[in-house]
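Can you build the whole structure from these sequences, using the hints too?
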Amino acid sequence: MDRVLRIVVAKPGLDGHDRGAKVVARALRDAGHEVIYTGLRRTPKQIVDAVRDEDARFLGLSSLSGAHGHLFPTICALLREEGLGDVVVFGGGIIPDDDHADLHAAGVRAIFGPGTPTGDINAFVLDAADREEAGVGAAGGWVWQGA
Amino acid sequence: MRGATPASLHAEAVAGSRRALARLLSDVEDGRASPMDFDTPGVAGRSLAITGPPGVGKSCLIDHMLRAWAGEGRRTALLAVDPSSSLSGGALLGDRIRLTSPDEPDLADRIYVRSIATRRATGSVPTVLGDLVRTLHLCGWEQVLIETVGAGQSEVRCAAVADRIVLIEGPARGDAVQAEKAGLLELADLVLVNKSDLDGASRHAAELRDALSLDAGRPPEVRLVSAKTKEGLEEALALLNDLPERPGSSRARARERLANAVERHLTGHDDYESMLADIASGRRSVEEVMEVLWRG
Numbered sequence: 001m002d003r004v005l006r007i008v009v010a011k012p013g014l015d016g017h018d019r020g021a022k023v024v025a026r027a028l029r030d031a032g033h034e035v036i037y038t039g040l041r042r043t044p045k046q047i048v049d050a051v052r053d054e055d056a057r058f059l060g061l062s063s064l065s066g067a068h069g070h071l072f073p074t075i076c077a078l079l080r081e082e083g084l085g086d087v088v089v090f091g092g093g094i095i096p097d098d099d100h101a102d103l104h105a106a107g108v109r110a111i112f113g114p115g116t117p118t119g120d121i122n123a124f125v126l127d128a129a130d131r132e133e134a135g136v137g138a139a140g141g142w143v144w145q146g147a
Numbered sequence: 001m002r003g004a005t006p007a008s009l010h011a012e013a014v015a016g017s018r019r020a021l022a023r024l025l026s027d028v029e030d031g032r033a034s035p036m037d038f039d040t041p042g043v044a045g046r047s048l049a050i051t052g053p054p055g056v057g058k059s060c061l062i063d064h065m066l067r068a069w070a071g072e073g074r075r076t077a078l079l080a081v082d083p084s085s086s087l088s089g090g091a092l093l094g095d096r097i098r099l100t101s102p103d104e105p106d107l108a109d110r111i112y113v114r115s116i117a118t119r120r121a122t123g124s125v126p127t128v129l130g131d132l133v134r135t136l137h138l139c140g141w142e143q144v145l146i147e148t149v150g151a152g153q154s155e156v157r158c159a160a161v162a163d164r165i166v167l168i169e170g171p172a173r174g175d176a177v178q179a180e181k182a183g184l185l186e187l188a189d190l191v192l193v194n195k196s197d198l199d200g201a202s203r204h205a206a207e208l209r210d211a212l213s214l215d216a217g218r219p220p221e222v223r224l225v226s227a228k229t230k231e232g233l234e235e236a237l238a239l240l241n242d243l244p245e246r247p248g249s250s251r252a253r254a255r256e257r258l259a260n261a262v263e264r265h266l267t268g269h270d271d272y273e274s275m276l277a278d279i280a281s282g283r284r285s286v287e288e289v290m291e292v293l294w295r296g
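Order-wise, the sequence lines are chains W and V.
Using the numbering used here, you'd call the opening residue of the first sequence number 1 and step up by one each time.
Using the numbering used here, you'd call the opening residue of the second sequence number 1 and step up by one each time.
Treat the hints as calculated values from the structure; they're not laboratory data.
Heads up, the beta-carbon is just placed ideally off N, CA and C, and yes, glycines get one too.
Worth double-checking, as some hints may not be accurate.
What the hints assert, rightly or not - Per the computed footprint, the stretches of chain V lying under chain W, defined by three or more beta-carbons under 8 angstroms from a beta-carbon of chain W, are:
| # | stretch |
| --- | --- |
| 1 | 82 to 90 |
| 2 | 112 to 119 |
| 3 | 250 to 256 |
What the hints assert, rightly or not - Pairs of lysine to aspartate or glutamate residues, derived as DMTMM-like cross-links and limited to a Cα-Cα distance of at most 25 angstroms, are as follows:
| # | chain 1 | residue 1 | chain 2 | residue 2 |
| --- | --- | --- | --- | --- |
| 4 | W | 45 | V | 72 |
| 5 | W | 45 | V | 63 |
| 6 | W | 45 | W | 120 |
| 7 | W | 22 | V | 82 |
| 8 | W | 22 | V | 103 |
| 9 | W | 45 | V | 103 |
| 10 | W | 45 | V | 37 |
| 11 | W | 22 | W | 127 |
| 12 | W | 45 | V | 12 |
| 13 | W | 22 | V | 106 |
| 14 | W | 45 | V | 256 |
Unchecked claim - Interface residues of chain W toward chain V, partial, derived using beta-carbon atoms under 10 angstroms:
| # | residue |
| --- | --- |
| 15 | 4 |
| 16 | 6 |
| 17 | 14 |
| 18 | 25 |
| 19 | 28 |
| 20 | 43 |
| 21 | 46 |
| 22 | 54 |
| 23 | 55 |
| 24 | 56 |
| 25 | 77 |
| 26 | 80 |
| 27 | 84 |
| 28 | 131 |
This is how it looks when you write it as structure tokens:
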């Protein structure tokens, strides 16, 4: 793999369980990417600042607390406000199926639940890296359809 | 903004755009831009390498430094260097986890943190690191910290990029002879033994002083600090403000920089890989390969 992408993996909100985020971070590292992990309990602003300062192309958000419906769209909006519309956002954790449509509409391009093979996440990242429509600021509502 | 010229990114970064600064640093890191593209003579800066073995508390001490200096109104950038995996080339960069100072709203404007992976190419990181430091200086970040894990040749060379080197040690790190072997001890302008609140810290400091006293010339100071209780912290930070260069250390740093340039020249050669194969298979001797790589 020649292509090295910079990816921020972050845990917004108050849940204190980051095994999933760490597994994803590790899988992306093993696929050859540079992964910046922010640690637990970050605010949307802290996460967006990290994405900006680290010049990340991707932001992976993990939430298990049920607050994803508030936090993920807030982060997407803040990214657009900061002029970071080309950043690709994906999510994971405990996200009920019924919530997917709203998150997709907010700009989250893929949602990975428990049991997702890490290969799927790697495939998503490679696919989305070349798509202008994958940025959180892009119109059209592109959503990853699987490998 | 991707695809913007280095000069325009530089102008935006000077005007205060963090996004432009971040992209400019990426361009420099990836070799798409060089500080020569926007260098302004007369812009000065200061760089300080913070290095030491894993687990001694480098990040926590750096957090205190960032908080203190940003609090005084000084813009301070941190380049946190972490190793890339030799298998995949990827890297997990976790230095931000322990930093809380960049989250403080009244300090955030004066603290910039950037994670740097050592990447695969031997010898390239310290060279790029020098360019990143210069880029930050040119964008108005007069003070730059470089955090490296103090183990291995590559890390010694990363530290050698900085104007001054601070070695962080911890208590009960084995006998001082082991420390003596470390190349970094020879380069350090100051040694801080962290975790002075724990048993064994003062003993380790004494051992280090002992080992250093055998050094010709003036050995660096060895100070006890605690990032946790803040004991000795204020004094240590005051020392860092005007840290004298240890006699002889500029020569040692120059040696590391030169060795790095030589290594980069060799590993960057188009025939480097095929020459390695030739040596391995016995087709050429090391001396013959040197002729090719050095002349060519």
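Okay, the hints, checked on the actual structure:
1. Restraint check on the stretch 82 to 90 of chain V versus chain W: 6 residues with Cβ-Cβ distances below 8 angstroms, three needed, restraint holds.
2. Remark: the stretch 112 to 119 of chain V is confirmed as covered by chain W, as 6 of its residues place a Cβ nearer than 8 angstroms to a Cβ of that chain, reaching the required three.
3. Here's how the stretch 250 to 256 of chain V fares: 0 of its residues keep a CB closer than 8 angstroms to some CB of chain W, so the rule of at least three is not met and the hint is violated.
4. A distance of roughly 24 angstroms separates the Cα atoms of residue 45/W and residue 72/V; the hinted pair therefore holds under the 25 angstroms criterion.
5. Proposed proximity of residue 45/W and residue 63/V is supported: the alpha carbons are some 19 angstroms apart, at most 25 angstroms.
6. With a CA separation close to 28 angstroms, the supplied pair residue 45/W and residue 120/W exceeds the 25 angstroms bound.
7. The suggested pairing of residue 22/W with residue 82/V holds, with an alpha-carbon distance near 17 angstroms, which does not exceed 25 angstroms.
8. Distance check on the hinted pair: residue 22/W and residue 103/V sit about 22 angstroms apart at the alpha-carbon level, within 25 angstroms; holds.
9. Using a Cα cut-off of 25 angstroms, the hinted pair residue 45/W and residue 103/V holds, with the two alpha carbons roughly 9 angstroms apart.
10. Restraint check for residue 45/W and residue 37/V: the C-alpha separation of about 33 angstroms exceeds 25 angstroms, so the hint is violated.
11. Among the hinted pairs, residue 22/W with residue 127/W is consistent with the structure: their alpha-carbon atoms are about 22 angstroms apart, no more than 25 angstroms.
12. At most 25 angstroms may separate the alpha-carbon atoms for a hinted pair to count; residue 45/W and residue 12/V meet this at roughly 22 angstroms.
13. For the proposed pair residue 22/W and residue 106/V, the alpha carbon gap of about 30 angstroms is over 25 angstroms, so the pair is violated.
14. Distance hint between residue 45/W and residue 256/V is unfulfilled; the C-alpha atoms sit about 40 angstroms from each other, more than 25 angstroms.
15. With its C-beta approaching chain V no nearer than about 7 angstroms, residue 4/W sits inside the 10 angstroms limit, and its interface hint holds.
16. The restraint placing residue 6/W at the interface with chain V holds, with a minimum CB-CB distance near 8 angstroms, inside the 10 angstroms limit.
17. A cut of 10 angstroms between beta carbons decides the hint on residue 14/W: the least distance to chain V is about 15 angstroms, and the hint is violated.
18. The interface hint given for residue 25/W is met, as the beta carbon of that residue sits about 6 angstroms from the closest beta carbon of chain V, less than 10 angstroms.
19. Satisfaction of the interface hint for residue 28/W is found here, the shortest Cβ-Cβ separation to chain V being roughly 7 angstroms, below the 10 angstroms cut-off.
20. Because the smallest distance between the Cβ of residue 43/W and any Cβ of chain V comes to about 8 angstroms, under 10 angstroms, the interface hint for this residue holds.
21. For residue 46/W, the interface hint holds, the least distance from its beta-carbon to any beta-carbon of chain V being 5 angstroms, beneath 10 angstroms.
22. This hint holds: residue 54/W has a C-beta 6 angstroms from the nearest C-beta of chain V, less than the 10 angstroms allowed.
23. Proximity of residue 55/W to chain V holds as hinted, the smallest CB-CB distance being about 4 angstroms (cut-off 10 angstroms).
24. Hint on residue 56/W holds. Least Cβ distance to chain V is approximately 9 angstroms, under the 10 angstroms limit.
25. Interface restraint check for residue 77/W: the shortest CB-CB distance to chain V comes to about 17 angstroms, outside 10 angstroms, so the restraint is violated.
26. For residue 80/W, the interface hint is violated, the least distance from its beta-carbon to any beta-carbon of chain V being 13 angstroms, above 10 angstroms.
27. At its closest, the beta carbon of residue 84/W sits 7 angstroms from a beta carbon of chain V; the interface hint therefore holds under the 10 angstroms criterion.
28. A cut of 10 angstroms between beta carbons decides the hint on residue 131/W: the least distance to chain V is about 14 angstroms, and the hint is violated.
Checked against the numbered hints given earlier, the structure breaks hints 3, 6, 10, 13, 14, 17, 25, 26 and 28 and satisfies all the rest.
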